[in-house]
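Chemist: Whole structure, please, built from the sequences with the hints as guidance.
Protein chains in written order, with our numbering: chain A, 9 to 82; chain B, 446 to 670.
Derived by calculation from the structure, the hints in this document are not laboratory data. Don't take each hint at face value.
[Said to hold, decoys possible] A partial selection of chain B residues facing chain A, derived with a Cβ cut-off under 7 angstroms:
(1) H483
(2) R507
(3) Q553
(4) F597
[As the list claims (entries may be wrong)] If you anchor each label on the Cβ, the simulated ranges turn out as follows:
(5) G634/B with G37/A: 27 to 33 angstroms
(6) D58/A with D523/B: 56 to 62 angstroms
(7) D58/A with P600/B: 33 to 39 angstroms
(8) L67/A with W482/B: 39 to 45 angstroms
(9) N625/B with G31/A: 35 to 41 angstroms
(10) E75/A with G475/B: 29 to 35 angstroms
(11) L67/A with E618/B: 47 to 53 angstroms
(12) A486/B with L14/A: 35 to 41 angstroms
(13) F38/A with P600/B: 43 to 49 angstroms
(14) R66/A with E618/B: 35 to 41 angstroms
(15) G653/B with L14/A: 42 to 48 angstroms
(16) R66/A with G653/B: 51 to 57 angstroms
(17) E601/B with R66/A: 21 to 27 angstroms
These numbers come from a predicted model, not from an experiment. All C-beta atoms, glycine included, are put in the ideal place defined by N, C-alpha and C.
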Amino acid sequence: MKVRVLVRPKEGILDPQGEAVRGALPALGFGGVKTVHVGRLIEMELESADDVDAMCRRLLANPTVEEYEWEVVS
Amino acid sequence: MGGGLVRIGVTVFPGSNCDRDALHAVELMGAEPVELWHADADLKGSDAVIVPGGFSYGDYLRPGAIARFARVMGPLEDFARDGGPVLGVCNGFQVLCEAHLLPGALLQNTHMRFACDRVRVRVETKETPWTSGCENGEELTLPIAHNEGNYFADPETLARLEDEGRVVLRYLENPNGSANDIAGVCNEGRNVVGVMPHPERVSDPALGSDEGLKILRSVLAEATV
Numbered sequence: 009m010k011v012r013v014l015v016r017p018k019e020g021i022l023d024p025q026g027e028a029v030r031g032a033l034p035a036l037g038f039g040g041v042k043t044v045h046v047g048r049l050i051e052m053e054l055e056s057a058d059d060v061d062a063m064c065r066r067l068l069a070n071p072t073v074e075e076y077e078w079e080v081v082s
Numbered sequence: 446m447g448g449g450l451v452r453i454g455v456t457v458f459p460g461s462n463c464d465r466d467a468l469h470a471v472e473l474m475g476a477e478p479v480e481l482w483h484a485d486a487d488l489k490g491s492d493a494v495i496v497p498g499g500f501s502y503g504d505y506l507r508p509g510a511i512a513r514f515a516r517v518m519g520p521l522e523d524f525a526r527d528g529g530p531v532l533g534v535c536n537g538f539q540v541l542c543e544a545h546l547l548p549g550a551l552l553q554n555t556h557m558r559f560a561c562d563r564v565r566v567r568v569e570t571k572e573t574p575w576t577s578g579c580e581n582g583e584e585l586t587l588p589i590a591h592n593e594g595n596y597f598a599d600p601e602t603l604a605r606l607e608d609e610g611r612v613v614l615r616y617l618e619n620p621n622g623s624a625n626d627i628a629g630v631c632n633e634g635r636n637v638v639g640v641m642p643h644p645e646r647v648s649d650p651a652l653g654s655d656e657g658l659k660i661l662r663s664v665l666a667e668a669t670v
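Modeler: This is the structure:
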């Protein structure tokens, strides 16, 4: 099966990358962008999704500063 | 110790790049440098361990995230939990945070640029094995070189660190957005210290300064007790 994990900065955690992108979009003429958050997308093929949550907690995300969600895509 | 030199281990991960500097600084301290390969299963009798700077495992995923699971980290974590003196410098600080040996995390610098400079820091506590040779309030000039040096911890943790005197080094001028101008912290047992500045890069007058030896040499007093 294929699992897709989305990791992003926790709410309220400063996200300099997101801020830089937010600043760059108007420079290209794209107005009205209020916030941008940059995260990380991780796709895995595995035999079972049993351990995905543990994988997220122990390695894929740093729970101190990041939150994650995941879904089985196929 | 058996009257021999104090043995100070320096971990080497793929992508570490301050390990040679740290090993050299250990020699300058008058201690015996011990190279600890990431795949080593023990600390080769080290009395103290330095986790050096660099870009272990290419900073893939997050700085320190992969190094934290290297084989040598098992015995290192046991050593740290038993009260052994451990110093993480720069990437080493990031590794120790990822390993939960230190609280918090190091985020990207707020200005999005690599910070490479010499900065003034204040020693906030001499009650750690790595600052016992300094004075409380002593100011040092140390090099920094990092992209993720912006210390973050939740408000409760920050308050605890301040209340318990566990902020070890503080920037006089914040170079990276770090919470409370924090440049270094220690664990609850005070034996594990993480700092973003590089004391090993100012450990020899030939490098322009040997102020960093004040930090590194502190541990000798502890390790020979």
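Chemist: If a hint holds in the structure, say so; if it doesn't, say that too.
Modeler: Cross-check of the supplied hints:
1. Contact between H483/B and chain A, as hinted, is not supported at the beta carbon level, the nearest pair being about 16 angstroms apart and thus beyond 7 angstroms.
2. Taken as an interface hint, R507/B checks out: its beta carbon lies about 6 angstroms from the nearest beta carbon of chain A, inside 7 angstroms.
3. The interface hint given for Q553/B is met, as the beta carbon of that residue sits about 5 angstroms from the closest beta carbon of chain A, less than 7 angstroms.
4. Hint status for F597/B: holds, given a least beta-carbon distance of 6 angstroms to chain A, under 7 angstroms.
5. The hint said 27 to 33 angstroms for the Cβ distance between G634/B and G37/A, and at roughly 55 angstroms that hint is violated.
6. The given range of 56 to 62 angstroms is broken by D58/A and D523/B, whose C-beta atoms sit roughly 29 angstroms from each other.
7. Our hint of 33 to 39 angstroms for D58/A and P600/B holds, since their Cβ atoms are close to 35 angstroms apart.
8. Between L67/A and W482/B the beta carbon distance is about 22 angstroms. The supplied range of 39 to 45 angstroms is therefore violated.
9. For N625/B and G31/A, the Cβ-Cβ distance of about 26 angstroms falls outside the hinted range of 35 to 41 angstroms, so the restraint is violated.
10. For E75/A paired with G475/B, a C-beta distance near 48 angstroms fails the hint of 29 to 35 angstroms.
11. Checked against the hint of 47 to 53 angstroms, the C-beta distance between L67/A and E618/B comes to roughly 35 angstroms, which is inconsistent with it.
12. The beta-carbon spacing between A486/B and L14/A, approximately 36 angstroms, falls within the hinted interval of 35 to 41 angstroms.
13. Between F38/A and P600/B, the C-beta spacing of about 35 angstroms breaks the proposed range 43 to 49 angstroms.
14. Between R66/A and E618/B the Cβ separation comes to about 37 angstroms, which falls inside the hinted range of 35 to 41 angstroms.
15. The supplied range of 42 to 48 angstroms is met by G653/B and L14/A, whose beta-carbon atoms lie about 46 angstroms from each other.
16. At about 42 angstroms, the CB distance of R66/A to G653/B disagrees with the hint of 51 to 57 angstroms.
17. In this structure the hint that E601/B and R66/A lie 21 to 27 angstroms apart at CB holds, the actual value being about 23 angstroms.
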